[in-house]
Amino acid sequence: MENDLYDAIVIGAGHNGMALATYLGKSGWRVLVLERRLEEGGGLSTEHYTTPGFLHNLHSNYHTFVGLCPVYEDLDLVGGPDGVTYVHPPVQMGSIFQDGTALTIHTDMAKTHASMSRFSAKDADTFQRLYKEVKGFQDLMINTLMYAPPIDVNDITRALSTWKVEEKTEFFRAKLRSMSINDFLNKHFENEKVKAMLAFHAAVCGYYTDRAGLAISFPFMLGKIDNWKIACGGSHRLAHALWRQMRRNDVTLLPASPVKQILVEDGRAVGVRTDDGREFRADKLVASSVDVNQTFQKMLPPETVPEEILREVEAYEYQEGSLFSVHMALHKIPTYRAADFDPDINRAWVLNLGYETLEDFNRDWRDLREGAPPEQPRLNVAINSMFDPYDAPEGKATGLIRVFAPYSVNGKGAGVWATSFKDVYMRRCIEKLQAYCDDFSDADILEAKPYTPLDISEKMVNMVQGDWMVGKIADTNLMANRPAGSLSQYRTPVKGLYLCGSTTHPHGFITFGPGYNALQVIADDFGLDKWWVEI
Amino acid sequence: MPAIYSQEWYEAMFNLANSRDDISEKVPQGEWNIAVEVIGDGKSPYVPEGTTKHFFIRFRDGKVAEYRESPEKISGKGLHYRITGMASIFDGIAAGTVDPVEVGLNGSITIRGDMRLLMQHADMVNVIFDVYTQSDVTEWPLGKPPYE
Numbered sequence: 001m002e003n004d005l006y007d008a009i010v011i012g013a014g015h016n017g018m019a020l021a022t023y024l025g026k027s028g029w030r031v032l033v034l035e036r037r038l039e040e041g042g043g044l045s046t047e048h049y050t051t052p053g054f055l056h057n058l059h060s061n062y063h064t065f066v067g068l069c070p071v072y073e074d075l076d077l078v079g080g081p082d083g084v085t086y087v088h089p090p091v092q093m094g095s096i097f098q099d100g101t102a103l104t105i106h107t108d109m110a111k112t113h114a115s116m117s118r119f120s121a122k123d124a125d126t127f128q129r130l131y132k133e134v135k136g137f138q139d140l141m142i143n144t145l146m147y148a149p150p151i152d153v154n155d156i157t158r159a160l161s162t163w164k165v166e167e168k169t170e171f172f173r174a175k176l177r178s179m180s181i182n183d184f185l186n187k188h189f190e191n192e193k194v195k196a197m198l199a200f201h202a203a204v205c206g207y208y209t210d211r212a213g214l215a216i217s218f219p220f221m222l223g224k225i226d227n228w229k230i231a232c233g234g235s236h237r238l239a240h241a242l243w244r245q246m247r248r249n250d251v252t253l254l255p256a257s258p259v260k261q262i263l264v265e266d267g268r269a270v271g272v273r274t275d276d277g278r279e280f281r282a283d284k285l286v287a288s289s290v291d292v293n294q295t296f297q298k299m300l301p302p303e304t305v306p307e308e309i310l311r312e313v314e315a316y317e318y319q320e321g322s323l324f325s326v327h328m329a330l331h332k333i334p335t336y337r338a339a340d341f342d343p344d345i346n347r348a349w350v351l352n353l354g355y356e357t358l359e360d361f362n363r364d365w366r367d368l369r370e371g372a373p374p375e376q377p378r379l380n381v382a383i384n385s386m387f388d389p390y391d392a393p394e395g396k397a398t399g400l401i402r403v404f405a406p407y408s409v410n411g412k413g414a415g416v417w418a419t420s421f422k423d424v425y426m427r428r429c430i431e432k433l434q435a436y437c438d439d440f441s442d443a444d445i446l447e448a449k450p451y452t453p454l455d456i457s458e459k460m461v462n463m464v465q466g467d468w469m470v471g472k473i474a475d476t477n478l479m480a481n482r483p484a485g486s487l488s489q490y491r492t493p494v495k496g497l498y499l500c501g502s503t504t505h506p507h508g509f510i511t512f513g514p515g516y517n518a519l520q521v522i523a524d525d526f527g528l529d530k531w532w533v534e535i
Numbered sequence: 536m537p538a539i540y541s542q543e544w545y546e547a548m549f550n551l552a553n554s555r556d557d558i559s560e561k562v563p564q565g566e567w568n569i570a571v572e573v574i575g576d577g578k579s580p581y582v583p584e585g586t587t588k589h590f591f592i593r594f595r596d597g598k599v600a601e602y603r604e605s606p607e608k609i610s611g612k613g614l615h616y617r618i619t620g621m622a623s624i625f626d627g628i629a630a631g632t633v634d635p636v637e638v639g640l641n642g643s644i645t646i647r648g649d650m651r652l653l654m655q656h657a658d659m660v661n662v663i664f665d666v667y668t669q670s671d672v673t674e675w676p677l678g679k680p681p682y683e
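Protein sequence lines correspond, in order, to chains A and B.
Per the working numbering, the very first residue in the first sequence carries number 1; after that it's consecutive.
Per the working numbering, the very first residue in the second sequence carries number 536; after that it's consecutive.
Excised from the complex, chain B in its bound form (with noise of 0.2 Å):
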């Protein structure tokens, strides 16, 4: 099992989410580029506090065709969606303790760009979050949320 955020992390979540029928079925036909934003926040092991992560998700008809960590923030051109987020929320996520409609509900999450286009893709979203919480892909070197 890949360790969070390792290369082989990225790989193994990118090849989960192609061999979803289920994902390329709801995700709606074009290019959608998405970011993700992880910001160390003193809790999660992870990412030290201070720094962020981000992340690059591209769907193409359907597909992931890209899923990768970048050095710098992701420029909001040619973005459709940033999601932002302490990484101990996005830990819980990745390990399924935490609910990720609820952190967006409450404002620990937020995402920036169309909503509109993800209620109309209702299912889409909840199978992305279920590739996301695999924790059976994932290892926990530094300790699993709550990290005791």
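Bound-form chain A, shown alone (with noise of 0.2 Å):
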């Protein structure tokens, strides 16, 4: 099998590797993927990471773009005996403030208008048009900005000043471009506290809400700020799926197989060579979803890639921070004592624990650029269990406690985080945790283990330096910028060689976006026939 001859090899079977392979197979090409590690899926990682029974989601947690991404049905992935099965939580995150208040936002929006209006009715009212204009362009806004190869995005300034979309619209406008999330919930909302929670979502989205330019994405970020899903058994369900279907679409997936060189002949990439020797050809297309510096700097020859290249790959960037996690398994979910304010807070999936105020996240990423982890750690926490029947023996509870925290920490690298401190930085979070709640002691917990941001960039070697957006999340290096002028497109200076991982538009995250986007340039150049797209 190995000196077969392939239609196209994909490199790594992350969702977006594996994604692009099945389009490819269910078109009736030959596909061959190759995955380094033992198992596929990349960022959708669960595992019995404490005690054996918990299942605990390492890289992604969040699923927000299902009902939204045509991936999903267009793969037949959510549902039926093979697919997965995707819980709703009603009430989909909160926040809880130290003087014993808490928010909620739920899936009825009227009960998100309840909670917000025991802050500000007038924010809450703001906040309810802003949910109800960008819920009627979400559609299109989805489609063109993320399911499609990016656009210069004053291509889209200009249609919306033509259109004088400004006139019709009261939230969306140009000038977002210069804007900072910030700006735009100071401009729009007077409460802190409904601030705090809107940057929140927009934080564990990994939108850093002092960046000038991201309140373009903003807007449309809220429309669907209730459209978290849990996958059920673990957001390693997906990448199940996603497997199934490419063996039902006789794709082959050949684990524990590290590309070690893209073969390049006569400008064309043809083929790959593992670690271990073995080659492989394939005849139309090499697909890359691992991240540029792999692919330019070490899987390329250098001799193929022009120098401008390199340049822009080499001044590449990611993100300032990333996560530090506490991976806990309990012996009963936590409750907390703000539920005396409102009871729907015991119900809700992502909390946000210490963040009330803009400052807050000011001073984290003011932090993070230093490379200090927050001394007073805030916290995201998500207990599953609540939600998911199969994630933890019956009665007990699988609960995760996520920090934005530095790779390299206070300049003295990301070694400290295989130190003694990752265990000190956890008993902080774990006594933030329980600072909140009613009655949850140590007793509670069966056992809880760390995974820093050094564990994130071993496991996971496409996050560089932690970084789970894979490459940082700023207007240089979004959309028609990312991960470079030249290479925004998914294809490359050597003839036959795709981009197809997060290092392209849109970014990292569950959104299937990049492997998505680079197939539908690979039918254009080979003039498939796009059967996934129904007009």
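If you are wondering where the hints come from, they were derived from the structure by calculation, not from laboratory data.
Built from N, CA and C at the ideal position, the CB exists for glycine as well.
Possibly wrong hints are sitting among the right ones.
To be verified - Only some residues are given here: those of chain A computed to face chain B with a beta carbon under 10 Å:
1) P150
2) F172
3) I333
What the hints assert, rightly or not - Label-pair restraints from in silico Cβ distances:
4) B:P681 <-> A:G28: 51 to 61 Å
5) A:R347 <-> B:E566: 18 to 28 Å
6) A:N154 <-> B:D576: 31 to 41 Å
To be verified - Over the 10 Å line for every Cβ pair with chain A, so calculated as not near, a few chain B residues:
7) E546
8) E560
9) P563
10) Q564
11) F591
12) E601
13) R617
14) A630
15) N641
16) M654
Using the hints, put the two standalone chains together into the complex.
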């Protein structure tokens, strides 16, 4: 089999690589996927990380594009015997504040409005108008801005101007291009706690709230604030669903097969060589779903890459911060004192414990840029077992705490995370959680285990410096600027070599955007019938 | 003046579009196939509730090559855009009382297809709607929106 000729070889069996391979397989191509690790899935990683029987999502936990991204439907990834069972928690997220109050975001927007009104009736109304406005053009924007190869942002703003969109919407403005999410929230909202709740949503999506230019994505992001879903039995179930579809379409997956080199002949990618010397050839294309640095600096022979591309790749920037996680096997689900104020907080899935103002976020972003783990960790907590009956033994629960944290600690490198510091920091996080709970002691924790930015980067080499967004989220690195202007259309200067990973538009997270968009370009280049496009 | 949705009306729209140089200048070269679905919503007297009118428009090298009504849903094969909305909304656009961009933004009209091209040719969208809203070529035998 190893000497067989394939139509396409995909490097990396993350969700983007697997999706692209499945589409091509379904189109009748012979496709091979080579994966470095023993198991497919990339960031769709679920493991018995603590006590056996407790399933922990080590990377992706929040799936926010189910029902919005075409890939789920095209490839039958949801429901049925082969698909994933998703749960849509009715109380999507919440913030608990030090004064004992709590704000909750529901799938029922009337309930969100009621919760927000307790802090500011004006903000609740504003949010309702904003949400309604965004819902009107959400499909349009998602299909244009995420599930299509990117166009120049100037084209978009010119169109908005030509169509006089600013006169017809309350929130969508071309000048959002230069504003930060903080600016947007300060312009439209008055209550700090409401602002903190909405900023928290952006932050968990990987958008730093103080960065100029990111406000352009913010209204659109808020349109899916009620679309956070849990893959029952762990995020890895989505990888299994993809794997089953690959099998069904005769796609070959070879795990434990790290690619060492992309073979280039006469300026064209013709195959790959693995670490152990096996060679595989493809007569149409090679698609790399790993990051641009590995693709261009490690896998391609240097003489095949123009110098200017190498310079651009070298300059590619990653997020300043990563995530520090605490995975917990629990005897019980924590409950919160703030339930006296809003009982729904005990039913909320994703919790903000610690961000009370926009300045709290600013402080953490500053710390991250200086390489300092926040002294007082502000938590993002999720207890999936509240909704997922399969991720913990009966009567027990699996818990997750996450904190934004730097890769390199205080200028001493990422190795600090391999020392006892990780246990000290984990302790700090657990105590912080306990401070909000009404009755949650150490005795309620069967086992807790940290997972650090260093662990992320070592397990997922794609996530350079522990960057789960696989590249900086900034206007200089989004849309047609990602990963660089010359590479933004998924083609490369090496003929037959395509990019399909999260260093390309739109970004990391389980969006499927990079794989899906690369597919459109490949289909154009090879005259494939786009059976997946239904107009 | 031809009655809306009559064969003469389609012909008038066809001729009007092709008489406008600004359209042929702004429509990208090549062939672009567009389906329009007008759904009877019980408000418009022109499309009975529970039925849908299907139009097909083909642009070729900047000119309208075809503009016709189809008795059935137009297949997605070879189609570039499908525009769908309630009849009262489309009537309102034709009568010049409803802003097409506004109803596109609030989701009253859905557009399937590659929006990037529309954004890159934003002027073209304006002139096409401009043609569609030429109320002086349209007669409203059952009343003009808001049908009073």
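Hints, one by one, checked against the model:
With 10 Å as the threshold, the beta carbon of P150 of chain A comes within range of chain B, its nearest partner Cβ sitting at about 8 Å, so the hint holds. A distance limit of 10 Å between C-beta atoms decides the matter here; for F172 of chain A the minimum to chain B is near 8 Å, and the interface restraint holds. About 38 Å separates the beta-carbon of I333 of chain A from the nearest beta-carbon of chain B, more than 10 Å, and the hint is not met. For P681 of chain B and G28 of chain A, the Cβ-Cβ distance of about 53 Å falls inside the hinted range of 51 to 61 Å, so the restraint holds.
Here the CB-CB span from R347 of chain A to E566 of chain B is close to 54 Å, at odds with the stated 18 to 28 Å. Distance hint for N154 of chain A and D576 of chain B: a CB-CB separation of about 38 Å, consistent with the stated range 31 to 41 Å. The Cβ of E546 of chain B sits about 26 Å from the closest Cβ of chain A, beyond the 10 Å cut-off, so the non-interface label holds. With a cut of 10 Å on Cβ distances, E560 of chain B stays outside the contact zone with chain A, its closest approach being about 15 Å.
Every CB of chain A lies more than 10 Å from the CB of P563 of chain B, the least distance being 13 Å, so the non-interface label holds. The beta carbon of Q564 of chain B is kept farther than 10 Å from every beta carbon of chain A, the shortest such distance being approximately 17 Å. Annotated as non-interface, F591 of chain B keeps its C-beta farther than 10 Å from every C-beta of chain A; the closest such distance is 12 Å. With a closest Cβ-Cβ approach of about 17 Å to chain A, E601 of chain B is found to remain outside the 10 Å limit, as its non-interface label requires.
Distance check for R617 of chain B against chain A: the nearest CB is about 5 Å away, which does not clear 10 Å, and the non-interface claim fails. Distance to chain A confirms A630 of chain B as a non-interface residue, since its nearest Cβ pair spans about 18 Å, more than 10 Å. With a minimum CB-CB distance of about 4 Å to chain A, N641 of chain B fails to clear the 10 Å threshold, and the non-interface call is violated. The claim that M654 of chain B is not at the interface with chain A is violated, since a C-beta of that chain comes within 10 Å of its own (minimum 4 Å).
Taken one by one, the earlier hints fail for this structure at numbers 3, 5, 13, 15 and 16, listed in ascending order.
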